[in-house]
Each structure stands twice: as structure tokens, then as C-alpha cells.
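Line order of the protein sequences matches chains A and B.
Under this note's numbering, the first residue of the first sequence is numbered 1, with each subsequent residue one higher.
Under this note's numbering, the first residue of the second sequence is numbered 1, with each subsequent residue one higher.
Please keep in mind that the hints were generated in silico from the structure rather than gathered at the bench.
Heads up, some of the hints might be wrong.
[Claimed, not checked] Derived contacts from chain A toward chain B, CB cut-off under 7 angstroms, selection only:
#	residue
1	186
2	190
3	308
4	309
5	357
6	374
7	375
[Unchecked claim] Per label pair, the in silico range of CB-to-CB distance:
#	chain 1	residue 1	chain 2	residue 2	range
8	B	45	A	326	36 to 42 angstroms
9	A	345	B	119	45 to 51 angstroms
10	A	83	B	44	53 to 59 angstroms
11	A	254	B	142	44 to 50 angstroms
[Claimed, not checked] To spell it out: a stretch of chain A is covered by chain B in this simulated footprint if at least three of its residues, at any positions, have a beta carbon under 8 angstroms from a beta carbon of chain B; those stretches are:
#	region
12	230 to 239
13	243 to 251
14	419 to 425
Ideal Cβ placement from N, Cα and C applies to all residues, glycine included.
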Amino acid sequence: MNAMFGQELRNDETTFSRSIFSSEGVHAAEIETIFNSTWLYVAHAAELPDPGSYVVRPMGGDEAIIIRGKDGVIRGFLNSCRHRGMQLCRADAGRSSRLVCPYHAWTFDSEGKLVTTSYDQHYDKAWFDELGLTPVGRIDSYKGLIFASWNDQVCPLDEHLGDLRWYLDILFARTPCGVTPLGPPQRWVVDTNWKIAGLNFLDSQHALRTHAGPLDAVYKAGGPPPQELAKLVDRSPQITFPQGHGIVSALRGDAPPFAGWDEALVPLFEQTLSPAQFAHFRDCPPQVGTIFPNLSWAEPLLTVSTRTPPIHFLLLRLWQPRGANQIEVTSWYFADKEASEEWRHASHLVAAQSFGVGGVFDEDDMEAWAGISRSIRNPISRRVPVHFNAGRGMAPIENFSGPGTAYPSLLIDRAQLGFLTRWRELMGKAEEVA
Amino acid sequence: MATVTEEARSTWHDHVSDAEYRMVMEFLFREAMLLDAGRLVEWLELLAPQIRYTLETPRFEMVQATMRQGEPSVCLMNEDMGSLEARVKQLTTPSLTLAENPRSISRRFVTNILVERHEGQLLAHSNVLLHRLRVGQGAPHGFSTQRTDRFAMIDGRLKLAQRQARLDEPMINTHSISAMF
């Protein structure tokens with residue numbers, strides 16, 4: 001294992017081997033040490049409205065059924081029949097009071113209990129209690145966001161999310177009813193490493209360059225000119241957390257407070273959030289971020305059309321690895337339940353136009369990620385180290401308006417380094433065992 | 001959003017003349033040629049100012065053991081003239097696009113064209129297979145799509161007023177669309 005990581009990994013805390021983004025050996029260790037050990041996002045509670053509502057979601061190298069039981073409790077199970085291992089649910093989502101295996105018709109209730117094998121006369125009923133669906137180790141939620149872990153010894157979810165919860169309130173629970181997904185998620189495949197995607201959502205240097213096209217449209221629609229935007233980005237804060245999470249905040253600049261929001265929501269924000277959260281949301285919203293290991297969000301103020309004023313939309317992304325060099329992306333749009341139908345529609349429109357498999361921002365991001373992965377897996381290329389040392393000497397902001405460790409520019413690598421430092425902490429333990 | 005498509009599937013509207021069928025067919029073939037060639041500014045001229053352009057994909061869903069496929073759909077693109085103009089500017093300006101610089105090699109195969117008249121407007125259903133090879137990708141990707149188009153006559157010229165395209169791919173096996181169908 002040590003040799004695989006490369007010696008330079010040990011030499012400098014900001015330097016990493018490229019092989020951590022391309023080696024199947026490293027990835028196999030990640031599945032055990034990270035994906036099978038920590039909390040993974042699986043669903044939003046609003047996706048499971050009724051008893052029997054379920055979704056099928058990736059969890060590490062496996063697939064889980066997340067289902068609301070007839071008792072209203074949300075549970076998670078391995079998507080594999082206890083009889084011969086058949087995939088129990090083959091659709092993306094559904095609703096059913098019972099999960100029936102399509103192979104031999106073993107039947108489980110919505111709480112995972114084996115109800116019948118269809119040939120019960122040949123089975124010892126006393127075994128049935130032990131032949132229920134394989135449950136996840138832990139499942140818990142924070143403000144509608146459901147996380148699960150295969151590890152029943154995992155730390156409490158509150159501890160995993162830590163101080164990030166203060167910002168998650170601002171994003172997902174800033175009105176009395178909270179947010180709800182705008183339809184089922186988009187899903188697509190990108191030939192890249194899962195960490196490259198999560199790190200991109202903490203990277204602002206690329207934003208000004210890679211997204212010059214749509215940012216030009218934002219400018220033409222009355223947004224800041226590119227030079228002004230670059231200055232604003234250079235003095236906006238990025239925030240890191242010891243759990244590896246990170247935030248790209250965005251100073252409001254000259255824009256009026258809560259520009260691009262449904263005005264009727266603003267009093268609800270003020271009523272629901274604490275005064276400090278409300279002020280932070282108004283002046284320096286948590287615009288983009290990554291929740292360790294593989295969940296990212298974005299809530300920019302955007303338009304892609306000179307004919308449409310900029311509007312906010314909320315995007316949540318799951319980066320599910322399929323080996324070291326491919327990810328499956330699941331991508332949801334959200335809106336506050338109290339938002340008007342008109343605002344929600346306008347928000348959804350700009351969201352799909354800009355961020356998604358058909359979005360003008362993503363099409364260039366994904367091209368870059370796939371290009372990185374095509375290069376860094378190669379025999380010579382993978383020996384070259386990769387650095388995350390921009391802003392290395394920069395001191396944190398004192399008395400920052402929110403929790404976490406904040407740095408006074410988005411054009412530095414501290415949030416990305418925070419993510420990778422956490423990755424290294426966890427993988428280091430795997431190395432000791434190896 | 002799916003009303004035109006759903007309605008069209010269940011009901012056959014009024015027949016059109018051979019000349020009208022030929023006019024629509026030529027429109028669709030010419031449009032495909034412009035898109036394949038990256039002549040996107042000319043493609044914009046085929047659109048009515050009030051264009052609504054949507055792209056959806058179904059997902060696999062199971063309800064009480066009844067397999068449903070098609071509803072609800074996942075929205076992938078939802079465009080108007082302003083956003084299409086911005087897309088075209090991005091895709092045709094080398095310094096503003098990474099995805100299409102160099103431009104992908106694209107070929108559209110338009111088939112199964114049915115034309116009818118509904119509420120005084122021409123309505124066309126067609127299938128399109130977009131065969132695309134993008135720089136750096138070893139294998140081409142095939143986008144199979146079904147489209148329902150509504151046309152308008154503006155100053156004596158046929159213009160596309162609405163397109164509802166449906167991609168046959170719940171899990172899209174390529175990293176971005178960056179194309180029009």
C-alpha cells in the first residue's frame with residue numbers, strides 16, 4: 001500500500017500522488033475505509049412520502065433500498081434477496097407494501113421482515129426472524145437529508161456533519177416546511193474519479209476560466225462584469241471543517257439583499273433561521289460545497305439567458321464511484337416548499353439550463369474531469385505529484401460570522417486540502433492495517 | 001409538459017397533404033444537416049421566437065408491482081429562445097467551450113416521420129439517432145430520441161414553435177449532452 005501512494009505523499013502535507021485519483025488498488029481500500037465506514041447520503045425524506053415508498057440508491061460498492069415502513073420509519077436494506085441474492089428492486093423507485101423477489105417470490109414487508117418464501121411448508125419458520133433483509137448499519141437524517149452507513153459502529157450523524165449543520169440549516173431548513181425535490185433526479189456517467197468531482201465543487205479558480213461562456217451570459221443579463229466577479233471571488237471566504245467538508249461562500253457584492261429570491265420567502269427565512277444564520281445567508285451565502293465523502297451542493301444566483309433575470313436554484317449531487325475511474329452522478333434540484341409555483345418553475349428552468357447533464361456549466365466541467373482522468377492514470381503521468389498549496393501561508397479569518405475555519409479568498413486550495421487531509425487521515429489507518 | 005406527446009400517442013389528428021408532409025420532412029432533414037455541421041446560428045433561424053424546447057428522459061419505476069416506464073419524466077433541458085441563443089453562442093465560440101472545442105463528430109439519423117394537423121398547426125413525430133464521437137472518447141455515443149414538434153407559419157416560412165424530445169436513456173452513459181436533438 002505504501003508504495004502505491006508514492007513517497008511524495010509523505011513529504012509534504014499539500015502534495016499528493018496522482019495515483020490516489022486513478023489507482024484501482026487505492027479505490028478498493030477507499031471502499032472499505034471510507035465508503036463502508038462513514039455516513040453516505042441516500043435520499044431526501046420528501047422522496048419517500050408514503051408507507052412503502054422506496055428508492056434504490058448506491059452505497060459504496062453496493063446498492064441499498066431506502067424504504068418508508070408502514071410504521072412511517074425510514075429504513076435501509078441491501079438490495080439483495082436473502083434467498084439466492086437476486087436484486088430485489090430493479091427499478092429506480094417505487095411504492096409497495098411488500099418487496100417480492102422476482103426469482104422465487106420470497107416476500108418481505110416494508111420493515112424488511114421475511115413474510116413468506118412461497119414454499120413455507122419446506123422451511124423452518126423459526127428461521128424467518130433471521131432471514132429478513134440485510135439492514136444498513138445505521139440510518140439517520142438531518143433536516144430531511146437521509147444518510148446511511150454500512151458501519152453499525154459509525155459515529156453519530158450529528159458528529160459527522162459537525163458545524164456544517166449550521167450551514168445545512170441555511171440551505172435545507174430555512175423555512176418552516178423546508179425544501180422539496182423538483183422531480184426525480186438526473187443520472188449520468190462520467191469517466192473520472194469521485195474525488196475530482198467533489199474537489200471541483202470546492203475549486204473556484206476553474207469557475208472563472210472553464211465557465212467563461214455562461215458567465216458572459218450572466219454579465220450580459222446585468223450581472224457583474226468578469227473582472228469585478230474575479231475580485232469578488234478573490235475576497236469571498238472558503239470554509240473548512242475537520243470532517244473534510246468544505247464550503248465556497250459568496251459575498252453578495254453590490255447585489256441587493258436576497259436578489260433572485262421569491263420575496264415572500266424572505267420573512268420566512270428570518271423567522272426560521274437564527275439572526276446570525278439569517279445575516280450570513282443574506283451577506284455571504286454558502287453557495288457551493290462538498291460534504292465528505294461524495295455529496296456536493298450548489299445554490300448560485302444565475303441566468304444563462306440575456307432575456308431572463310438571475311434567479312437562485314438549489315442543486316444536490318451524489319458522486320458514486322464505479323471503480324477508480326468512473327462515477328455515476330445522481331443530481332437533484334430542490335426548492336423551498338413555500339415558494340410560489342411561478343418562482344419554483346423559473347428556478348427549475350435556469351437550474352436545468354445551467355447545471356445538469358444538459359447544463360451549460362456542467363458540460364465544460366465534465367469535459368475537464370474526464371480529461372484529467374484520461375491523463376493521470378497513464379504510466380508516466382501518474383508518477384507526477386499533484387499540489388494543493390495555493391494560499392498555504394494564508395491565516396484564517398478571525399471572528400468569522402459562522403462556524404468552521406474560514407479563509408479570505410476563494411482562489412486558494414484550503415477547502416480542497418481540508419477534504420484531502422481528511423481522506424488521508426482515514427486512508428492512513430487503512431495503511432497501518434495493510 | 002407531456003400533454004402534446006401523450007395526446008398525440010392516443011389520438012390521430014387530421015391528415016395532411018403530400019406537399020405538407022414533404023415540407024415538414026425537408027425541414028427536419030435540413031435541420032439535422034445544420035446541427036451536424038455545427039451551423040447553429042442558421043439553426044436558430046429555423047425557430048419561432050416563442051420556441052419551447054424540452055428534453056426529458058423516463059426512469060424505471062415500480063408501483064404495486066406494476067412496472068411503469070415513462071412517467072414521471074426527468075427534465076434534462078428546458079429552453080426558450082434566450083437560453084438557446086446563449087447555448088449557441090457558447091458552443092460556437094471556441095474560447096467559451098471546452099465540451100465542443102474541438103467540435104464533436106456528429107451524425108443525426110431522422111426517421112419514422114409522421115405529420116398531422118392539430119388545431120390548425122402542423123404537428124410532427126419523428127425519431128432521431130444522434131451518433132456522436134467526442135474528442136478524447138474512444139467510442140461514439142448513440143443518443144436515441146423521440147420528438148414531437150409543433151410548427152408555426154411565420155411570414156410564409158415554416159418555423160419550429162415547440163419541441164418535446166424524449167431521450168431513451170434513464171442513466172445517460174456519457175458525461176454531457178452539449179447538443180440539440
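Here is how each hint holds up against the structure:
1. For residue 186/A, the interface hint holds, since its Cβ comes within 7 angstroms of a Cβ in chain B; the closest pair sits about 6 angstroms apart.
2. The closest approach between the C-beta of residue 190/A and any C-beta of chain B is roughly 4 angstroms, which is under the 7 angstroms cut-off, so the hint is satisfied.
3. For residue 308/A, the suggested interface contact is upheld, since its CB lies about 6 angstroms from the closest CB of chain B, less than 7 angstroms.
4. The beta carbon of residue 309/A comes no nearer than 11 angstroms to any beta carbon in chain B, farther than 7 angstroms, and the hint placing it at the interface is violated.
5. Proximity of residue 357/A to chain B holds as hinted, the smallest CB-CB distance being about 5 angstroms (cut-off 7 angstroms).
6. Proximity of residue 374/A to chain B holds as hinted, the smallest CB-CB distance being about 6 angstroms (cut-off 7 angstroms).
7. Contact between residue 375/A and chain B, as hinted, is not supported at the beta carbon level, the nearest pair being about 10 angstroms apart and thus beyond 7 angstroms.
8. In this structure, residue 45/B and residue 326/A meet the distance hint of 36 to 42 angstroms, their C-beta atoms being roughly 40 angstroms apart.
9. For residue 345/A and residue 119/B, the Cβ-Cβ distance of about 24 angstroms falls outside the hinted range of 45 to 51 angstroms, so the restraint is violated.
10. Taking the beta carbon of each, residue 83/A and residue 44/B are about 57 angstroms apart, inside 53 to 59 angstroms as hinted.
11. Between residue 254/A and residue 142/B the Cβ separation comes to about 47 angstroms, which falls inside the hinted range of 44 to 50 angstroms.
12. Counting residues of the region 230 to 239 of chain A whose C-beta lies closer than 8 angstroms to any C-beta of chain B gives 0; at least three are required, and the coverage claim is violated.
13. Only residues whose C-beta sits within less than 8 angstroms of a C-beta in chain B count toward coverage, and the region 243 to 251 of chain A has 0 of them, not enough to reach three; the restraint is violated.
14. With a threshold of 8 angstroms between beta carbons, the proposed coverage of the region 419 to 425 of chain A by chain B is violated, since 0 of its residues qualify and at least three are required.
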